[in-house]
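Participant: As a plain string of letters, each chain reads:
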Amino acid sequence: DTAVSQTPKYLVTQMGNDKSIKCEQNLGHDTMYWYKQDSKKFLKIMFSYNNKELIINETVPNRFSPKSPDKAHLNLHINSLELGDSAVYFCASSPQTPGRLEQYFGPGTRLTVT
Amino acid sequence: GESVGLHLPTLSVQEGDNSIINCAYSNSASDYFIWYKQESGKGPQFIIDIRSNMDKRQGQRVTVLLNKTVKHLSLQIAATQPGDSAVYFCAESTIYNQGGKLIFGQGTELSVKP
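In order, the protein sequences belong to chains A and B. All residue numbers for the first sequence refer to the numbering used here, where the first residue is 1 and numbers rise by one. All residue numbers for the second sequence refer to the numbering used here, where the first residue is 1001 and numbers rise by one.
Just chain A, with the same shape it has in the complex (with noise of 0.2 Å):
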């Protein structure tokens, strides 16, 4: 059973459109976090989430607007789309307990903007 999971796994779009990339996780974690992944392969947190919370934005432009319905979902719509927003966003998920820091990432969703 898939861990973390993300949907969709490639998304293709022009500039100016808005879209969502959801995110699951079953491990019942109750931190995640969405990062983004340049074409360097340099990992950046965007947002971290405890409990449906807010917890971590990483001065993220505001079009990028995370929503987190419950602790298993952390969803990210990005709006009015440019093309620097091309990149891989990579969901993860936590448990953050004093003996458990690790995170869990998903397979990730590839942006492209056109």
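I should point out that these hints are in silico values taken from the structure, not numbers from a laboratory. Keep in mind it's a predicted model, so treat the numbers as computed, not measured. Careful, some of the hints might be misleading.
Some chain B residues near chain A, calculated using beta-carbon distances under 7 Å [unchecked claim]: (1) G1043; (2) P1044; (3) V1087; (4) F1104.
Straight line, CA to CA, 25 Å or less: simulated BS3-like cross-link-like pairs of lysine-lysine [claimed, not checked]: (5) K71(A) - K1101(B); (6) K1101(B) - K67(A); (7) K1071(B) - K41(A); (8) K1101(B) - K44(A); (9) K67(A) - K19(A); (10) K1101(B) - K52(A); (11) K1042(B) - K44(A); (12) K40(A) - K1042(B); (13) K71(A) - K44(A); (14) K1042(B) - K19(A); (15) K41(A) - K1101(B); (16) K1042(B) - K9(A); (17) K44(A) - K9(A); (18) K22(A) - K1113(B).
We put the CB at the ideal spot given by N, CA and C, even for glycine.
Dock chain B against the given chain A, drawing on the hints supplied.
Facilitator: For chain B alone, kept in the frame of chain A given last:
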């Protein structure tokens, strides 16, 4: 500012040899470190982590060494196999930081020659 970097962006080893992937970090307040493996087209996969109260931690065929004096981290892979070919990332964090923010390094691409 904070940064986690790698000495070698690419590493090529012969199957069966041991591999050593290095990582330098600059935030002396970091007390939690983690290694990930990312295969082509997949999300980062957790390998092993270590806290700053340890110098060494072993897993299955992998060992992580932490030298806090020089702020250096390494991942040793014993008897490297073709399946170990991937990009390896180190990341740092502080245990009590809100949200579990991981700061990732550049990544090292490991290529295993049969």
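Participant: If a hint holds in the structure, say so; if it does not, say that too.
Facilitator: Right, here's what the structure says about each hint:
1. G1043: Where the cut-off is 7 Å and the nearest Cβ of chain A is about 4 Å from G1043(B), the hint holds.
2. P1044: With a minimum Cβ separation of about 5 Å from chain A (threshold 7 Å), the hint on P1044(B) holds.
3. V1087: 6 Å, holds
4. F1104: For F1104(B), the interface hint holds, since the closest Cβ of chain A sits about 4 Å away, which is under 7 Å.
5. K71(A) - K1101(B): The given pair, whose Cα atoms are some 18 Å apart, holds under the 25 Å limit.
6. K1101(B) - K67(A): 18 Å, holds
7. K1071(B) - K41(A): 23 Å, holds
8. K1101(B) - K44(A): Distance of about 10 Å is within 25 Å: holds.
9. K67(A) - K19(A): Status holds; Cα separation ~13 Å.
10. K1101(B) - K52(A): 16 Å, holds
11. K1042(B) - K44(A): Holds, at about 16 Å.
12. K40(A) - K1042(B): 15 Å, holds
13. K71(A) - K44(A): At roughly 22 Å apart (the allowed maximum being 25 Å), K44(A) and K71(A) satisfy the hint.
14. K1042(B) - K19(A): 22 Å, holds
15. K41(A) - K1101(B): 18 Å, holds
16. K1042(B) - K9(A): 10 Å, holds
17. K44(A) - K9(A): Cα-Cα ~19 Å, so holds.
18. K22(A) - K1113(B): 38 Å, violated
Figure legend: structure checked against the earlier numbered hints; the only hint not met is number 18.
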